[in-house]
Structure formats: C-alpha cells, structure tokens
Amino acid sequence: MENTNLKTPADFLQKILGKPVYVRLHSGIYYKGTLACLDGYMNIALENTEELYEGKVTNSYGDAFIRGNNVLYISPA
Amino acid sequence: MLFHSFFSTLIGKKITLHLKNDVSIEGTLTSIDQFLNVKLEDIKVHNADKYPHLLFLKNIFVRGSVIRYVDLPFEEVDTALLQDATRREAQLLKQKSMGDPKTLAV
Amino acid sequence: MSGVSMSSMITEPLDLVKLCLDEQAYDQHLNMVLEDAKETVTNFEDDRDQVNDGEIGEKTVQTHSYKLLFVRGDSVVLVSPPKRA
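Note that the protein sequences, when read in sequence, are chains A, B and C. With the working numbering applied, the first sequence corresponds to residues 14 to 90, in that order. With the working numbering applied, the second sequence corresponds to residues 245 to 350, in that order. With the working numbering applied, the third sequence corresponds to residues 16 to 100, in that order.
If you are wondering where the hints come from, they were derived from the structure by calculation, not from laboratory data. One or more of the hints may lead you astray.
Claimed, not checked - Under the rule of at most 25 Å between Cα atoms (straight-line distance), these lysine to any residue pairs were calculated in the SDA-like manner: (1) K283/B x K98/C; (2) K340/B x V321/B; (3) K98/C x T55/C; (4) K45/A x K82/C.
Claimed, not checked - Under 10 Å between C-beta atoms, here's a sample of chain A residues computed to sit facing chain C: (5) S40; (6) G41; (7) I42; (8) A49; (9) L51; (10) Y54; (11) A58; (12) T62; (13) E63; (14) Y86; (15) S88.
Claimed, not checked - With beta-carbon atoms standing in for the labels, derived distance ranges: (16) N18/A x E54/C: 42 to 52 Å; (17) K294/B x E50/C: 25 to 35 Å; (18) G72/C x S249/B: 18 to 28 Å; (19) E50/C x S249/B: 10 to 20 Å; (20) S90/C x Y295/B: 14 to 24 Å.
For each residue, glycine too, the CB sits at the ideal point set by N, CA and C.
So here's chain A without its partners, still in its complex pose (with noise of 0.2 Å):
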C-alpha cells in the first residue's frame, strides 16, 4: 500500500499539496480545488474551486481562503 509511508497528518498534508482536494465544512458544504496552501490553523488556499451543496455545484471561484475553524476534513479528490 503507497500509504504505508505516510506517519503524520502534517505529512499527509505535505502528500497532498498542489493536488485536487475534496475539503469539507461543518455546514455540509464541499469545496473541490487544487490545495495551494494551508497553515496550522487549517486555514486554506484552493485554486480553480467549485462549491458543492447536496451534491450540485452551487457557486465557483477562481481562488479561495476559507477560515480554518469551519473545516471539517480534507480529502484528496
């Protein structure tokens, strides 16, 4: 398994960057985008986003920050 080299979520995070992510909030809401960057506080950047409710897309942006504190998890796409 690729996985098995994986030891920390922050290594985890460091696998995922610049790729396409799944993050979810705590409101329900997804947002799929390219994972630019992200801090401590999982405060994050996504590229070429599209915001997902109930499985339709509800809205798109070309570059996002979302506040860490709403994140629920982070996935990759």
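Let chain A serve as the given structure and place chains B and C on it in line with the hints.
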C-alpha cells in the same frame, strides 16, 4: 491589536453594532478593549422583539464575541491610514510566522 | 495578475487574503473593514418536515448596503477575490 487601535479612534462617535442574534444596537462608543468588547451610551435598539428588556437600557456593555458587524461612520474614518496600518501588521505577522511551529513548512 | 502563477506569490493562505483585500483592512483573525459592502441574505423556507417531497420552500433574498463595515473574523467562512469582468 490593529482593530483595537482603530476602534479607539472612534470613541465618542456614533456606531451601530449588528449582533449575531440579529439584534442591532446604535449608540455612541465610549470604550473598547483588546477583545473588542465595547461600551455604548444613549443606545437605540432595533429588532428587539425577542428581547424587549433591551428597550429600557440607556448604556450597554457588549461582549466582542457576539458582534457580527459594526456599521461605521464613513466620514470619521481615515481609510488610507487604516490600509497603511494593515500592511504594517501583515508584514509583522509574516516575520513572526516564520518561526511559528503552527505554520507548516511548505 | 493574469498569467502569473498564483503559487509563486502565495506561500501561506493569508497571502491570498492579502490579495483579496488589497485596499482594505484586515488582520490574522479575518476581522476586516470593507468599503461599499453589500450583504446578501438568502432564505429558504424549510418545510421539508411537513411536505416529504424533498423540495425546499420559497426563496427570499434580502440585500443591505454599507458604506463602511467592520466584519468580525469569527463569522467568516470564505474569502475570494472579486470576479474578473
């Protein structure tokens, strides 16, 4: 600290607080602290249907964390000065964050 | 800004906020002061409990304008640059 200094310059001016419970309070700013707790005097309360006791108050202390927006008097604010202060603050933060363990090395 | 790769200028998420809020004031909590702010409030009447057709109810949109507005950072979810014309 930036917005604390900023609000200090507005003491004595009329502002309107829009709270997270949808109540709005208009009044004269008398005091502000580092948490952006505020004191207002001669207040007028809008949307007080759910909290009618507010209508009898003259002065109020509001905890900063319950504030959503503050409507500001445009004529009383030097926006250019505020932008300068923002740039300085951002630069300072950047220098600090270099050694901050919370910042991921990316 | 177009044509320049964003990642070359952005090393942490707050750099993006700096780009978005050029000419405005903000801090690390995302407290900000916005000029000529427009607020849009969209409400859906939720009667999904009464009517089990899964449809959401009537939509109402309210807008408010503010010449100068302080926004407390803790209610901020997303910050994005204004759409290019």
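Evaluated hints:
Between K283/B and K98/C, the direct Cα distance comes to roughly 38 Å. Violation of the 25 Å bound is thereby established for this hinted pair. A C-alpha spacing of about 29 Å is found between K340/B and V321/B, which places the hinted pair above 25 Å, so the restraint is violated. Under the criterion of a C-alpha separation no larger than 25 Å, the hint pairing K98/C with T55/C is consistent with the structure, at around 16 Å. For the given pair, K45/A sits about 33 Å from K82/C by alpha-carbon distance, which is inconsistent with the 25 Å threshold.
For S40/A, the suggested interface contact is upheld, since its CB lies about 8 Å from the closest CB of chain C, less than 10 Å. The interface hint given for G41/A is broken, as the beta carbon of that residue sits about 12 Å from the closest beta carbon of chain C, more than 10 Å. Checking I42/A against chain C: minimum C-beta separation of about 8 Å stays under 10 Å; hint holds. Evaluation of the A49/A hint against chain C yields a held restraint, the C-beta minimum of about 6 Å falling below 10 Å.
Annotation: L51/A was flagged as interfacial toward chain C, and the flag holds, the nearest CB pair being 6 Å apart, inside 10 Å. With a cut of 10 Å, the hint placing Y54/A at the interface with chain C holds, because the nearest CB-to-CB distance is about 8 Å. For A58/A, the interface hint holds, the least distance from its beta-carbon to any beta-carbon of chain C being 4 Å, beneath 10 Å. For the restraint placing T62/A at the interface with chain C, the shortest Cβ-Cβ distance is roughly 8 Å, inside the 10 Å limit, so the hint holds.
Interface hint at E63/A: violated, since its Cβ lies 12 Å from the closest Cβ of chain C, which is beyond the 10 Å cut-off. The criterion of a C-beta within 10 Å of any C-beta in chain C is not met by Y86/A, whose closest approach is roughly 16 Å, and the hint is violated. Hint status for S88/A: violated, given a least beta-carbon distance of 18 Å to chain C, over 10 Å. One distance hint, 42 to 52 Å for the beta-carbon pair N18/A and E54/C, holds here, with the actual separation near 48 Å.
Distance hint for K294/B and E50/C: a CB-CB separation of about 32 Å, consistent with the stated range 25 to 35 Å. In this structure the supplied range 18 to 28 Å is violated for G72/C paired with S249/B, their Cβ-Cβ distance being about 46 Å. Checking the proposed 10 to 20 Å range against E50/C and S249/B shows it holds: the Cβ atoms sit about 19 Å from each other. For the pair S90/C and Y295/B, the supplied restraint of 14 to 24 Å holds, since their beta-carbon distance comes to about 20 Å.
Violated hints, listed in ascending order, are 1, 2, 4, 6, 13, 14, 15, 18; each of the other numbered hints is respected by the structure.
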